[in-house]
Each structure stands twice: as structure tokens, then as C-alpha cells.
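Note that the protein sequences, when read in sequence, are chains S and Y.
Numbers 44 to 400, taken from my numbering, label the letters of the first sequence in order.
Numbers 8 to 285, taken from my numbering, label the letters of the second sequence in order.
Calculated directly from the structure, the hints in this document are not laboratory data.
Every value quoted in this text rests on a predicted model; they were computed, and no experiment measured them.
Worth double-checking, as some hints may not be accurate.
[Unchecked claim] Chain S side only, calculated, beta carbon under 7 Å to chain Y, not exhaustive:
1. P115
2. M122
3. F124
4. S126
5. H132
6. M145
7. N146
8. A150
9. S279
[As the list claims (entries may be wrong)] Below, computed lysine to aspartate or glutamate pairings styled on EDC-like, alpha-carbon distance capped at 20 Å:
10. K194/S to D152/S
11. K188/Y to E177/Y
12. K318/S to E304/S
13. K175/S to E177/Y
14. K359/S to D337/S
15. K188/Y to D114/S
16. K114/Y to E96/S
17. K188/Y to E96/S
18. K194/S to E154/S
19. K114/Y to D97/S
20. K202/Y to E189/Y
21. K114/Y to E189/Y
22. K188/Y to D117/S
23. K194/S to E225/S
24. K188/Y to D112/S
25. K194/S to E218/S
26. K318/S to E288/S
27. K188/Y to D97/S
28. K194/S to E304/S
[What the hints assert, rightly or not] Beyond 10 Å from chain Y on every Cβ pair, some chain S residues (computed):
29. R53
30. H63
31. G64
32. G94
33. D117
34. T120
35. P168
36. R281
37. G301
38. G306
39. P363
40. G377
Every residue gets a Cβ at the ideal spot worked out from N, C-alpha and C, and that includes glycine.
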Amino acid sequence: MAGVTVSAVRKRYGSVETIHGVDFSIADGEFVVFVGPSGCGKSTLLRMIAGLEDISGGEISIGSRVVNDVDPSDRGTAMVFQSYALYPHMTVAQNLSFGLRMNGNPAADTERRVAEAARILRIEPLLDRRPKALSGGQRQRVAIGRAIVRKPEVFLFDEPLSNLDAELRVQMRIEIARLHSELGTTMIYVTHDQTEAMTMADRIVVLRAGRVEQIGAPLDLYDNPVNQFVAGFIGSPRMNFLAAESLGGGRLKLPNQGGAEIGLAAAQGLAAGQKAVLGIRPEHFAAAGQGNCDLHLAIDVAEHLGATSYLYANTKVGEPVVVQAAAVRSAHAGDRVAVSIPAARAYLFDPNGARRA
Amino acid sequence: MRSKSSRRFWRQVAIHAVMGPLALVWLFPLWMMAVFSTMPENGIFSPDIELLPSDQFWINFQALQAETGFLRTLFVSVMVALVSTVLSVMLTSMAGWALVRYRFRGKALVTALIFGTMTLPYFVVVVPQFIMVARDLGLSNTWFALIVPPLFNSLGVLFMRQAFSMMPRELFDAAQIEGVKEWQIFTRVALPLAKPTLAALAIILFLASWNNYLWPLLIASEPTMMTAPVALGTLIGVNRVSWASIMTGAVLLTLPMVIVFIFLQRFFMAGITTGAVK
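Extracted from the complex, chain Y is given alone in its bound form:
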């Protein structure tokens, strides 16, 4: 009879035999993106496919900067993603806290309305949102237009509501009896305990903002307020597509997210599995 550890070994071998090639298939386009970002424009479509990086990255970056003012658009993207993530985490955690902590008339209706918005496709919302912000409020090409409308995120409210509702109610009762103010209970007891969820939510919101294309495309067409993904989009012209520049920009856009994910993935996994089991 084979021992338990030997069976475990062969099971691991089988899993790796399947998952390894799958991971390579998934990583291949990303690798090629990185390779193309280091190749001259004409080299990308050469019949001999190069699988290893070349030395043209800096030249490609200079071309990208010249064509789009990429550093400025990167700055806009960073600012929009950072500010909207911080504000959105604050707003959604406060909303989640209110839904868990307080009893008020119409709470079920408010909750249903918030979560009901999750069922609306973004494309249904984006046109009236554009009309309101651009035409009625006249706020095109402003930080406000880029940051504020996407702030109200029902997924974030759901996340935080779930995190707070799983905390023992006695913790808050104990603090209340001790005379701790409601705001202090929220900031000193509830939020520190929700750190993994907050981190996961922050990553999700940052990613969503960083990758957002449609709304910034509609609301910020001036070069000074353009975000990086939109700037890359402008490189796809009717007659000419600057693939080397696009790939260089794509690498620069992907890199921060990979780094953030590597450092925060333990929070991310803890956050998305929150509530899965008792």
C-alpha cells in the first residue's frame, strides 16, 4: 500500500502538470507585450517572431511621450485612482457601517436600492451621467468629473457591510457602555478590524479606476486632463497604429498593478473569501 505522503506527492505532480502549462498560456500575451515594448515598430511584425526582449524600450518611451505627453496622463491617472480609492473606501465603509449598525425606517428599502444598482449595466448609467456632468453641470475636463461620479460604489458598500456584520456585536456594545463615541467606535474598533477587507476593497477600487476607459474618454478629452489608458487609445488611428508605443504604455500601466498585487495579495485573498465560511 502506498503511503499517504507519496500519494500526496503524485497528486501535486499531476496538479502542477496541468496548471503549469495553463499558467504559461495565460502569461504568454503579457510576456509578448513586454517583449514588443522593447522592439522597434517594424520588428513587431517581422516574420521571425522574437521571444526575448530587445533594447528599444527607452526609444519607444520617448516616442510615446512625444505622441501623447504620457507622463502627464500617467500623473492624472495616478491622482484620479488614488483620490477616488481613498474617498470611495471612506464613503463605502461609512455606508456599510450605517447599514449594519443602525436601525432606521426604510432600511430594507435603502439596502435594496443600493444593491439593486449593481444589476444595472454601466452602459445604461454612463449616458445620463455624461449628460448630467458635462451638459447640465458643465464640468467636462475637471478633476471633479473624473473623480466624483465613479465614487459611489455599491460593491464596496456590500463588501464593507459584510465585513462589519461579521464582527461580534458585543464589541460595539462594550465600547458603547464604556462611553466611547459612535465615531470612535467606527474608527478605533470597527475599521482596524476590517483591515483585510479594506485592503482588498482598496485594490479592487484602485484597479477599477486605473483601468477605467469609457468614462474618462467621454468626460476628459483635453490633453491636460486625459488619463493614461485614454492616451494610449489615441495611438490607434485610422491610418496608423503605433504598436511599439502602445505596448510600452501598456507595460508602464501594468507594472504598478503587478507590484501592488504582489505586496497586497494576502489581504486581497482574505478579503474576497471573507464571509465564505464561519
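Chain S with its partners taken away, still in its complex shape:
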């Protein structure tokens, strides 16, 4: 097993730089998730760690070894792809053993490793089938099995659950978490799904446009986002962002929400007239009168999921507000409701997105 260190890593395609000097360390046995919107460079970063993409600058170490120029097969990594990448003309057993056979591994050891991986992933009955005869979840299990038989120091997962339906995704998420606790191997997992990131990761690396925005434990990112991007990306539904204008003395006016006012400690340093963005998570609204700033909402869409309800409101004023409310089961589109923002739950950001503490 081994940790991974990425120092000042850059990636350029011709004159275009897509990864701009990324730094972080992953401890031995840690489960780290790279998360970010499409095109942020998370898969490129993973492929650079795997050795499938050359790096244009910086250094990548696995364990104590710099692997910049090491062949992908000698890095001690195994990768699981979004498309499963199973060899369609081989059976499951042949898929699992292919790499070992091609590298001249003794047949008895290969057989033992395949049997062990099949046992861990509960795919023994599938060993003689071809990939086309497997369901999506079974294919993904085989893909993970192919990684396991290599006994890698680091597992790399590139959006492995994206092609599965919602129910299977939850199931496989649990399987992968179980696998991590069973094997204790370092795992790096790429996803654009922040629910996967929050539920599986020891730490999350949030990426945007080839830069690391924040690294931390899932709840740290949720509670203390360093900027508006992270605040918006972590949490589902995403945080509400309301335009705010300082009135001086720590008080803010919300011009798009009927001119409601709120006092925030984070707004103390703002001069009167200065613009800012107030953030409030959908689940943090209080009942009207119980917070520090009441908002009057015209509901556009109400989603009742049973355990909770989501109200999508104020779309017409150009600044939509989403409210998560377990107790508002009777609200419907067209209704008007009042909710309140508790100052202690509100976040304040500069217009450039930086958090004001």
C-alpha cells in the first residue's frame, strides 16, 4: 500500500493548459474523491496518476517513488473505468486473468487470485459468461475484480458508477465502501456526483477549471466552504445565493427578495453600498419569524418526496430560492409561503466568490 503525492502538476495540450499546478497529498489507505463539474480536469488528473497521460510539469509520487517517467503498468495502480472497459471477446474469468497471464504470472497463482477476487465481489457464478451476458452492475463488479487481482497499491476509479441506474449506484457505492474497508488500500475516485463524494470519501478534492478549490473532509467542505463555488457544489440541492447590498454596520439588504434585511457578523467590514452574495442552504431555512430575516416566497414547483419536500420559489423575480422543508407537505405550486434565514446559518461571499468570515 502507498500514499500519493501530487506536486505542482501541470498539463498542457499544445498552448492550452488544462491543469494549472495542482498540489495535494493522499495518505496511505485513504479514500479520496476528486469532484468537480465536467471539464474541470479531474479525469485528466487521475489519468496522469495512472500514467495514461504525460504530465507537462511537476511531480507525482506513489509511495516514496517519483513515477513521472514510470510505465503505467509499473506504478502499482489499477484503474476502473466508467465504460467498464471489459474485453468483450473474453469470459469474465479471462477478463480477470488477462493481465496476469500476459505478464507470465504462474497459472496456479493467477487462478487463486481470480477465485479470491470473484469471492470478494460475489461473482463466482458469472466466471464463464461473456460481458454482453452481464447486467451493468455485474460488469462493474468484474471491472473492479480485474483491478483487485493485480493487488495494486492504489485503486483509481474514473466515474465508475455513472452508467448505472440510481438504485444500482447506491448498491455499488456501498460495495466499494465495503471493499475499501476490507482491503484498506488507497483509493482515488473521480465523480461529478457530489452525493457519491460526500458518502464515500475520507477527503474530497474539489476541482474547478484545472485548479484545486478546496480539500477537506466531506462535512468540513459542507460546513466551511472556502468560496462560493465549493459552497454551491457541495450539498444537494445546491446552496441558494441571494444578491446582497451592505447598509453598513453589518446589515445587509436583499434587493431581489423584496428588500428584506439581515444583520451578519461577516458583513461588519463592508462599507455601505458594497455588493455581496448571501448563501443559505435549502435545509437551513427556519419557519417565518424564527430566523433573522423573513422571505416571502411564491412557489413555482413543489416536489414532495415523502420524507421531505422541496419548494422551488421566486423564479419570476430572477433569483430562485429552493427550500427544503420536512413540515410543508401541503404546499403546492402557486401558494405563497414565508420562511426565515437564521443569521447563524448564512454564509457571505464577496462578488468574486471568496468567503467572508
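Fit chain Y to the supplied structure of chain S, relying on the hints for placement.
Relative to chain S, chain Y alone:
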């Protein structure tokens, strides 16, 4: 209102009503070739046209063999077609693989040059090729001259490049991470997945070699190295044309291709439609 299945039935009837006679028109010359191959020389031009086979095939074949040494020329044709097909499939698939798999300086130029040769008419190439092989290298009437020059086939490279480029890149990435050598990725992963295209390409290349007339005519004039189509060509003389022998030879030349096509047509269709849709 007529049901959907009845409309489908009448549409099928209409299609068959048009396509059936067209197929007969197309098959008629082939049928007559087979019929003529069984008739005596003087019967072919008799005013009463015979539409059914006669019993002279074996006699016609003996005459053909006596005039051209046809079995030897058939052997040369088979050898040339088989060896050149195998070698050409190997070369073109390796070239296609290189164009898909590797990034190298000048790749776009190399690709353009290879495919640019497709725009050159064969007749522009054949004379300098003949001068080079026959005069400069002195290789007339050799297996090398018959087999090697036509090997480098840009259509084959295009075929294989297309087949490989449609395979998910992750398959090769996965193999690479597993420590599978590049040659093994090519032979154990890429080629087995390209089987339909390989089969279609093999048929096309075999056909092209089997039917090739001009190059073998120029480069192999000695009877021992003559191919079957060239041998049939020698039966068309200034004063006399041996039609019965020609038709017999033509039947013998056509038969293997019909058999090959019947057995491999599913690969052939899969191959030529490869890349048409996602």
C-alpha cells in the same frame, strides 16, 4: 382501415415484383456463362439459343488445360491471392493500428499521403511500377513481382484505421495499466475485436488479387508464372477465340469466389457498413 401487417405484406410483394426481374437480368449473363461452358464450340453460336446446360464441360476443360496449362495457372492465382491477402491484411492492420494508437510528429501528413494515394488512378502507377520491378530490379516472372507490389493497399489501411478508431480507447488503456505489452494489446485485444472488418477486408483483397489482370499480364509472361485470368486472355487470338474454353475457365474462376462470398457474406456486410452509424 387496413392492418399494419397487411400493408407490410403488399409492400413486400411490390419490392419483390421489382427486385425479382432485376435479379434475373443480372444473373442471366452468369447463367449463360455456365451454360456455354458445357456446350461444344460450334453450339455456342448456333441460331437456336440453348438455355439449359449440355454435357461438354469435361471436354472443354481438357481443351482449356491443353491450350493454357490451366491447372498450373490456377495454382499460381491461388497462391498469389492467398499470400498477398494474408500479408496485406497484416500490413494494413498494423498501419491502421499505428495511425490510431500512436501520437507522432507528422502523423497528419503521413495519413494524408496514404489516403492521397487512393486518388491516383492505377494506370498512372502501373507503368513506373513496371519499370522499377521489371527493368531496375529485374524481377519479372517471379513470385515477388506478382505478390509484393500490390500489397500496400491504402483502402485496407483506411478500413482498419476506421475499425480500430471505433473501439473504446479505455480497452487499450486498461490493458496498458495491466502491463500487457503493446504487441499483445494489438494481437489479443484489438485484432479479435476487428474480426468482421478483417474478414471483409480479406474478401475484398482476395477478390482484387484474384481478378487482377493488368499487373500479372505485364510482369509474368512465362507460362509457369502466369495467373489464370491472364491465361484466359491468351485464348483470345487474332484469328480465333476459344469461347468454350474461355467460358469453362471463367466458371472455374468464378466458382471459388461465389463459395467464399456465400460463407463470409455476413462478415462482408458487417465490414462495409462499419462506421456508418454509431
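**Violations among the numbered hints, reported as their numbers in ascending order** = Failing hints, ascending: 8, 9, 28, 32, 33, 34.
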